[in-house]
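Its first residue numbered 1, the sequence shown is counted upward by one per residue in full-length UniProt numbering.
Errors might be hidden in some of the hints.
[As the list claims (entries may be wrong)] Okay, the calculated beta carbon distance ranges per label pair:
1. Phe545 / Gly479: 31 to 39 angstroms
2. Gly479 / Asp16: 12 to 20 angstroms
3. Ala465 / Ser584: 46 to 54 angstroms
4. Asp191 / Asn38: 23 to 31 angstroms
5. Asn790 / Gly761: 25 to 33 angstroms
[Claimed, not checked] As a list, the in silico DSSO-like pairs of lysine-lysine whose alpha-carbon atoms are at most 30 angstroms apart:
6. Lys639 / Lys795
7. Lys90 / Lys107
8. Lys768 / Lys707
9. Lys707 / Lys626
10. Lys231 / Lys135
11. Lys769 / Lys743
12. Lys90 / Lys45
13. Lys768 / Lys645
14. Lys105 / Lys44
15. Lys768 / Lys618
16. Lys90 / Lys105
17. Lys44 / Lys135
18. Lys707 / Lys743
19. Lys639 / Lys626
20. Lys108 / Lys44
Hints listed in this document are in silico derivations from the structure and should not be mistaken for laboratory results. Being a predicted model, the structure only gives us computed values, none of them experimental. Quick reminder that beta carbons are idealized off the backbone N, C-alpha and C, glycines included.
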Amino acid sequence: MYISYQWLKDLVDLSDIDVDRLSQDMSLTGLEVEGVDNLGAGLKKIVVGHVLECEDHPDSDHLHICQVDVGEEEAYQIVCGAPNVAAGQKVIVALPNSRIAGNVKIKKGKLRGQVSMGMICSLEELGISNAVVPKAYADGIMVLDEDAPIGTSIVDYLHLDDPVIEVDITPNRADALSMYGVAHEVAAIYDKAVSLPEVDMSAFSGDLQADFDLVVDDPDLVPEYNAFMVKNIKVAESPLWLQMRLIKAGVRPINNVVDITNLVLMTYGQPLHAFDYDRLGSGKIQTRLARPGETLVTLDGVERQLTSEDIVITDGSQPVALAGVMGGLATEVEDDTTTVLIEAAAFEPGHIRTTARKFGLRSESSLRNERGINVATIQEAGAYAAQLMVELAGGEIVAGVASQSHLDKSPIEVSTSVEYINSQLGMTMTYDEIAKIFDQLAFEMTGDESNQFTVAVPRRRWDIAIPEDLVEEVARIYGYDKIPSSLPEIVTTNVGLSASQALQRHSRQIMEALGFDQVVAYSLVSPDESQAFPQNNQSAIQLDFPMSQDRQVMRKNLVGSLMTIAAYNSNRKNKNLQLYELASLYNWQDDGQVSQTNHLAGLWTGQAQTGTWQHAAKPVDFYALKGKFVQLLASYQLKGELVFKANTDLVDMHPGRTADVFLVDQAGTSHRLGYLGQVHPQTASRYDLDEVYIFEISLSQIEAADKIEMVQEPLAKVPGSSRDIALLVDDQVTNQEILDLIKASASQYLVNIRLFDLYQGDNISAGKKSMAYQLHYLNPQETLRDEEVNQDIEKITKALEEQLGASIR
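Work out the full structure: start from the sequences and follow the hints.
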């Protein structure tokens, strides 16, 4: 919300309060000031000029040579490139040695051989955003009124020396989305009166429905609708003062009719819409929900496919406007419009929010309709707009108003007590002090100090409904900075970490010890992102009111986010990445409830080992990731056996380099912990990445699994023994199958198996691979004899030959 300091001073006496103090006090009481912009502060020697002559430049196809009267003895020659410059215009002139926006100095110079004594300026060159420059002057210079006094400082003429305060309005304070709302707030801060202009309602005492039919199908969707009619208007540019008020408020001037509706919007916070009455055709307005298949071309020229969630304004048959969001193109006010129908209404906020979000039509009107409006001044705002159209567009009011209202406009009564307010604030305020604050707020208060008292809250403050709201108002106006500080008595208890917290901390420590860096990503993603790396057929959890199109659903895995982060780093030349994230995932349960589980995911891409003078660089591969992964799982001390099984069905994963990991408990039941492997090259290329290896496991499953009780055993006093065994097998045989068979065939003294070599290539038959294992034996009680170990090796090799067709090398 942009607030003109001068406009605010017209409503509240601020003669003794400068803008800096006002900004600070507003922030302290709940309306946070983001900044103050004074357009005129940096402008120097810029005046109103009169173009006496305008000729084409002899050496240019777009420049013009102008003779401009700037209030001095002789006219200035200025070369101007604006397409709309012409003789007879009053324009903005930056004189030699002047300063325009951005502290740019304008000097006397030559353009294509012609002397130029300054510059004819556009509004942008005064620091005004092109987004709010009137459309007629968006691509050229600003043409001033004919009565603009020549030589007058443009800062004075356009009232640019007017600080504009930018306020960040929180959703609960939608009443401050209007000048009147802010004026009431400022008046309460300084205990001053609000001076609001009176609206003469006498011309609207009759019933307009004698000539005009208004039908409201559902009062719950449209609790109030008022229609005013003004005829014989002349659509033209708005007066300069009105245009400047809108520009300072961040609104682009269009024409006098549209500008009046926008001025009332900023004044009252009441959205209005102006229909060209003659284009309605039917002489009827009907509000209802849209019907399936109906369409509407809105003012932006886009055809909208409507649904039964959209409230529409119709001419009795066809939609002519999206209620509370945007009007229709067919009834737009144009230059030839003579009769205007003004809509001042209230709509059900939920439907307005749904429609605006669905069509991406967030506007000043939809914002206020979503958050709420002052129901007490709906009709007054419409009447004020009609009066302004008489004054500024030469119109004539058609007596009466078509109105249907089902709103309670009486003040909201909220009861509380002095004792309750003091208990909540930790203060000892008196009844009179509290009464004084509510008097500053212009809230009527009845009751006494000994019992509860009642505060009648005007409808302009629809955010106040319960005693706690009254406490907040007292604290705000009294001053948060004046409330004494006190520390509550808290009995601390050292409860330590929960099992889940301890597991998460342990996982972070291990991952960082393994060389991974932690990242934190958004839990909300776009629907397309949620489809990456699917693990089940469940649909993602959709938010009813997402923050943006990119944050609509809860993510179903972590690796998708890791891929996005890796792509971001890779695009910035950071290619060697070891990343992990530990976070919660959310999925639907069979009973329709949402489950929350903790997951841990890792990503590794680039170099597993950087090159040195001693060692060549080594890219990461499946086995490098698996080694880290096994170390991580080993640190959890899980009771049972970890089993890896190839998985060729995971979407977005390489079918030959992906494995599920299972924990087989003592009862023989398998529990899937997660998976690891290489991202499919096609998927990796979508992220503009090379080879990428990932894993993801469920920490909730890890937490639920039985753990080995760590018992310290004495070190063996006798040496162990080891044997190497190399075998040639079909390349379809997996490492897990070989390990399972070795363990099943070996004696109890086999304590460890390590794969130390894998080879395919020269001297190896096609379809075969060579695998070498080191087997470690240990009998803690006595030294193993070679005969015992050799017999066990023979038993193992026989089993490998018979059951897996292995050839011992």
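Results for each hint:
1. Hint check: Phe545 to Gly479, Cβ distance near 34 angstroms, so the stated range 31 to 39 angstroms holds.
2. At roughly 18 angstroms, the beta-carbon separation of Gly479 and Asp16 lies within the given 12 to 20 angstroms, and the hint holds.
3. One distance hint, 46 to 54 angstroms for the beta-carbon pair Ala465 and Ser584, is violated here, with the actual separation near 34 angstroms.
4. Between Asp191 and Asn38, the C-beta spacing of about 27 angstroms keeps the proposed range 23 to 31 angstroms intact.
5. One distance hint, 25 to 33 angstroms for the beta-carbon pair Asn790 and Gly761, holds here, with the actual separation near 31 angstroms.
6. For the proposed pair Lys639 and Lys795, the alpha carbon gap of about 28 angstroms is at most 30 angstroms, so the pair holds.
7. Our distance criterion of 30 angstroms between C-alpha atoms is met by Lys90 and Lys107, whose separation comes to about 21 angstroms.
8. Taking the CA atoms of Lys768 and Lys707, the gap is near 39 angstroms; set against the 30 angstroms cutoff, the hint is violated.
9. In summary, the hint linking Lys707 to Lys626 is supported, as the alpha carbons are separated by about 22 angstroms, within the 30 angstroms threshold.
10. This hinted pair checks out: Lys231 and Lys135 have alpha carbons roughly 25 angstroms apart, not beyond 30 angstroms.
11. Restraint check: the Cα-Cα separation between Lys769 and Lys743 comes to about 21 angstroms, which is no more than 30 angstroms; the hinted pair holds.
12. Proximity of Lys90 to Lys45 is assessed by CA-CA distance (about 16 angstroms); at most 30 angstroms being required, the pair is judged to hold.
13. Pair hint Lys768 plus Lys645 holds up; C-alpha atoms about 20 angstroms apart against a cutoff of 30 angstroms.
14. A threshold of 30 angstroms between alpha carbons decides the hint, and for Lys105 with Lys44 the separation of about 9 angstroms falls inside it, so the pair holds.
15. A distance of roughly 25 angstroms separates the Cα atoms of Lys768 and Lys618; the hinted pair therefore holds under the 30 angstroms criterion.
16. Restraint check for Lys90 and Lys105: satisfied, since their Cα atoms lie roughly 22 angstroms apart, inside the 30 angstroms limit.
17. Simply put, Lys44 and Lys135 have alpha-carbon atoms about 26 angstroms apart, close enough for the 30 angstroms limit, and the pair holds.
18. Pair hint Lys707 plus Lys743 holds up; C-alpha atoms about 22 angstroms apart against a cutoff of 30 angstroms.
19. In summary, the hint linking Lys639 to Lys626 is supported, as the alpha carbons are separated by about 20 angstroms, within the 30 angstroms threshold.
20. Between the alpha carbons of Lys108 and Lys44 the distance comes to roughly 15 angstroms, so the proposed pair stays at or under 30 angstroms and holds.
Figure legend: structure checked against the earlier numbered hints; hints not met, in rising order: 3, 8.
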